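Engineer: Protein chains in written order, with our numbering: chain F, 7 to 575; chain D, 7 to 575.
Any given hint could turn out to be false.
[As the list claims (entries may be wrong)] Chain F is faced by these chain D residues, among others (derived, beta-carbon under 10 Å): (1) Leu49; (2) Met57; (3) Leu173; (4) Lys233; (5) Ile248; (6) Thr415.
It is worth saying that the hints were derived from the structure and are not from the lab. Every value quoted in this text rests on a predicted model; they were computed, and no experiment measured them. Backbone N, C-alpha and C fix where the C-beta goes; we use that ideal spot for every residue, glycine too.
Number of protein chains: 2
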Amino acid sequence: MDSPATTKKSGLRNGSEEITCDSQAGPDSCCLSLKNGVVQPLLTDLYQITMAYAYWKNGKMKDHAVFDLFFRRNPFHGEFTIFAGLEECLKFLDKFRYTDSDIEYLRSTMPTSVEPEFFDFLKSLTANDILLYAVEEGSVVFPRVPLLRVEGPLIMVQLLETTLLNLVNFASLMATNAARYRMVAGKSVSLLEFGLRRAQGPDGGLSASKYSYIGGFDGTSNVLAGKLYGIPVKGTHAHSYIISYDSFDDLHTKTLAHKITREEMNILTLSCKYRDQIASDVGAIASEASEGELAAFISYAVAFPDGFMALVDTYDVKRSGFLNFCAVALALHDIGYTAIGIRIDSGDLAYLSQAAREIFSKITKKFDLPWFAKLTIVASNDINEETIVSLNEQNHRIDCFGIGTNLVTCQKQPALGCVYKLVEINNQPRIKLSQEVEKVTIPDRKAAYRLYGADGHALIDLIQRFEEDAPEVGQKILCRHPFEEAKRAYVIPSKVESLHKLYWKNGKIVHELPSILEIKNRVKESLATLRPDIKRKLNPTPYKVSVSESLYNYFHDLWLRSAPIGELV
Amino acid sequence: MDSPATTKKSGLRNGSEEITCDSQAGPDSCCLSLKNGVVQPLLTDLYQITMAYAYWKNGKMKDHAVFDLFFRRNPFHGEFTIFAGLEECLKFLDKFRYTDSDIEYLRSTMPTSVEPEFFDFLKSLTANDILLYAVEEGSVVFPRVPLLRVEGPLIMVQLLETTLLNLVNFASLMATNAARYRMVAGKSVSLLEFGLRRAQGPDGGLSASKYSYIGGFDGTSNVLAGKLYGIPVKGTHAHSYIISYDSFDDLHTKTLAHKITREEMNILTLSCKYRDQIASDVGAIASEASEGELAAFISYAVAFPDGFMALVDTYDVKRSGFLNFCAVALALHDIGYTAIGIRIDSGDLAYLSQAAREIFSKITKKFDLPWFAKLTIVASNDINEETIVSLNEQNHRIDCFGIGTNLVTCQKQPALGCVYKLVEINNQPRIKLSQEVEKVTIPDRKAAYRLYGADGHALIDLIQRFEEDAPEVGQKILCRHPFEEAKRAYVIPSKVESLHKLYWKNGKIVHELPSILEIKNRVKESLATLRPDIKRKLNPTPYKVSVSESLYNYFHDLWLRSAPIGELV
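Make the full structure from the sequences, and use the hints.
Structural biologist: Put into structure tokens, the structure is as follows:
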């Protein structure tokens with residue numbers, strides 16, 4: 007009832023044999039939201055298409071528009087955001103084309119009064135006449151600074167809205183979330199993304215892996231993300247692996263060839279010998295430890311002698327897991343291999359990591375094996391930013407966190423409120439008013455700069471009218487609060503960075519795209535330019551985003567003129 | 007450091023020209039997480055593959071396993087969940103095959119010590135030997151009842167874990183969320199999903215559209231969801247459309263042909279005439295209303311004369327939007343068309359909807375147009391369950407809610423904690439212990455039944471050992487709490503429903519799959535069998551899930567035997 011459009015209930019799959027995804031359309035539409043790895047242009051809100059028709063019908067095909075994509079508030083109660091998703095946006099522009107089956111669908115969906123020539127027009131649309139300016143992917147960004155500025159034919163620029171928002175919103179949110187985890191965890195701890203099973207759908211999981219890596223994680227459990235993006239993938243075994251072994255009878259292979267000599271050695275016998283030998287050091291009783299767990303560890307060590315990492319909490323970490331792990335690690339050592347470490351997936355992670363470290367130190371002393379004290383301890387049970395802060399306070403001894411649900415769903419704030427606003431049409435500025443001052447948009451085609459101080463820290467972002475001269479190093483620049491007249495400051499920058507680069511012109515990507523590793527480094531470098539008080543978790547200082555004197559006056563004049571008569575604004 | 011596996015940093019895209027998604031691999035890998043509309047088997051955690059190798063290496067290729075997929079707690083502080091995602095799981099099984107490029111990637115990722123024959127083994131894997139039992143998609147389900155029971159070769163059943171969880175988790179969460187919105191909104195209100203721009207990535211958006219429709223929504227703004235699933239799509243225009251018009255000069259077309267007579271009539275003149283005529287009824291002043299807004303409305307009405315729905319809050323709802331809308335609606339009426347209504351996207355929605363309804367009634371009386379009082383009012387500003395409850399209390403006059411962020415990200419709880427647990431191997435039961443009793447899994451291959459009372463309401467779910475006879479209508483059945491010995495009840499069911507059906511056998515879907523509309527109806531019917539106190543928003547009554555006497559004893563014996571010696575369980 008909201009719309010002129012109603013759909014035929016066509017293409018519904020029914021029955022067990024026919025499970026192609028779109029029986030009407032050709033193979034081109036068989037990838038749901040993606041076609042050849044790129045988002046399809048039909049992944050948009052219907053109102054973009056109805057607006058396109060209304061514009062077309064009213065002869066606005068040649069109108070030229072400028073839209074800004076930006077957000078109004080940093081996520082997670084923080085004071086910074088990492089911009090990400092740009093490469094996906096550019097791929098989307100590159101492949102933007104309605105297919106014949108798209109057009110057929112739209113024709114069947116829109117009212118019959120829509121003129122047939124409109125569909126020919128849609129069919130011919132490409133992003134060739136679009137200009138896209140953007141902040142560099144991986145940069146730290148702030149409210150109201152345009153992340154993208156999209157210029158071109160009104161209809162086309164409008165049609166891009168929903169998809170660009172979809173591609174930037176979650177990517178930026180995810181990268182920001184990951185960067186926050188990295189900051190609380192510190193540099194010396196390894197962070198792994200383990201969230202695929204709880205992510206919001208298949209691509210939700212894939213995006214989470216990609217952008218958490220960009221934001222500061224070291225790897226993922228997601229194999230496809232490894233394959234597609236070259237991200238390091240990690241993983242060993244689950245509780246089900248451990249409980250699938252009941253006793254030593256389940257061990258089909260009990261020997262392992264020595265790494266150097268290739269002599270076959272009995273890893274079961276060795277493990278049992280060490281288990282008896284170290285039980286009292288570990289504070290456990292050999293006969294009480296789980297035999298199935300030991301069998302599982304041995305079988306895994308036989309499969310991955312150079313990669314023995316054991317999940318130690320299936321039965322009882324202190325009575326069974328630690329002892330069985332150390333026994334197998336010592337047996338492996340006799341066979342020429344060095345174990346990696348343990349994973350703890352439940353219980354008091356601070357306490358258990360300290361207990362493990364203590365045991366590892368005892369073994370180091372007892373057998374004079376320095377590497378044993380340095381074995382890796384991975385923790386992975388429902389971890390979020392707050393857990394890490396608390397574990398830090400308790401002096402945990404964890405080397406690596408595996409983080410799932412809270413990271414990949416961005417539990418604390420599952421959406422970044424990016425918007426896409428018309429700021430200029432046919433060289434005339436446009437302003438969107440709102441009773442909430444914060445929601446009034448800054449009109450006009452704009453440039454944005456970041457001004458740096460002598461110590462290398464970013465001081466302030468400055469938004470100007472596009473025609474204004476760029477701010478210059480060493481010159482005094484008046485920076486004004488965009489809304490509050492009394493708030494203003496003079497800044498003398500030691501360095502000026504232009505935030506927008508032209509990425510798309512004449513139907514081509516015109517700026518070299520960084521690799522995923524370069525984007526990851528950009529995040530690190532960009533965050534390093536922020537003062538610590540802006541990045542801190544508790545009550546961070548807001549970073550200032552200002553407008554030039556000229557833009558301020560232009561903006562506020564227009565605001566006054568646009569307000570309905572008699573309205574106090 | 008968590009893993010034996012490290013990856014080559016290959017396949018990174020760099021430069022502006024080369025933007026295929028996986029330059030190493032053939033076109034088969036070009037759809038990111040999806041291949042021919044189906045999730046790829048590599049969308050999994052690496053540990054599934056490392057476990058597969060360790061199982062293989064230890065000769066466990068023929069081990070036969072049973073896994074249950076279930077959740078432990080209903081989401082959103084509620085007491086029910088809607089099960090969804092089954093069709094996607096079956097499509098995944100149907101297409102399960104590692105491609106050559108998958109195998110190449112795994113070979114390059116896993117340690118060189120992995121025996122080459124393992125990759126041949128992986129290459130030959132299919133889901134042909136798997137049995138999949140499931141609850142019917144769209145059913146209301148409860149904690150601990152297996153949603154899926156997957157049986158077959160241990161390695162293969164284990165390999166399915168992450169992907170099945172990914173496919174069920176978000177689908178079920180989303181359908182449940184939508185069903186909750188439907189319940190608070192009531193049956194007479196229309197609900198539209200508007201969340202694509204804030205969803206967690208492209209597929210996050212697509213899944214949100216599909217499963218919110220299944221859960222009880224009436225349509226979506228997502229065009230691709232309309233095309234792929236046959237969901238009704240809705241939408242009109244955005245604020246940018248309104249502000250792209252500045253004055254009547256922007257109107258290229260000022261006439262519209264009468265619906266019946268085809269006589270060209272001047273809609274601008276008519277609209278201006280009505281605007282003057284009704285301004286005082288609307289409580290506005292014609293000269294103060296926005297001319298740009300009126301121009302935008304007229305242009306939209308010309309494009310969609312049968313589908314005129316206007317966004318009225320761009321400038322000022324009461325001083326401008328209402329008046330301009332009514333003027334154009336009356337003009338359209340003279341030209342033979344009936345307007346649809348208005349959308350309000352900001353402000354006090356209860357108050358504004360009442361104000362709009364009052365104005366519509368006045369117009370009805372003034373011009374004797376009964377339909378005017380019944381025009382549709384759509385509201386769409388950051389709406390969640392609580393907003394709707396509050397609007398209900400304020401006697402809103404809204405006919406339709408457009409709901410975005412809070413719906414599609416499941417803001418209140420962005421993940422359903424589904425798990426996938428080994429419960430039997432080679433006909434031996436398996437139990438996963440935990441210090442949290444709630445996390446102990448119920449072992450054994452199990453059947454599940456729903457027992458109904460004489461009034462048609464569901465009384466209790468009963469989980470049994472698979473070998474036990476099904477409960478019978480009219481027979482007294484002892485139902486026991488799975489963990490608490492003292493909690494037990496006798497139930498005499500008037501109807502018994504077996505919850506699990508066999509969906510997959512011999513590599514084929516063996517149970518007819520319902521259409522999306524049938525699943526949607528299943529949700530409605532299934533929810534109708536729940537007592538209202540279980541469904542209510544505030545302090546709902548938990549629905550009981552029980553185990554049979556035989557399963558209780560079997561389970562608790564095993565639990566006792568599995569506990570480490572000396573441990574109090």
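Engineer: The structure should be examined with respect to each hint, and the outcome stated for every one.
Structural biologist: Each hint, compared with the structure:
no.: 1; hint: Leu49; result: 5 Å, holds
no.: 2; hint: Met57; result: 5 Å, holds
no.: 3; hint: Leu173; result: 7 Å, holds
no.: 4; hint: Lys233; result: 4 Å, holds
no.: 5; hint: Ile248; result: 9 Å, holds
no.: 6; hint: Thr415; result: 4 Å, holds
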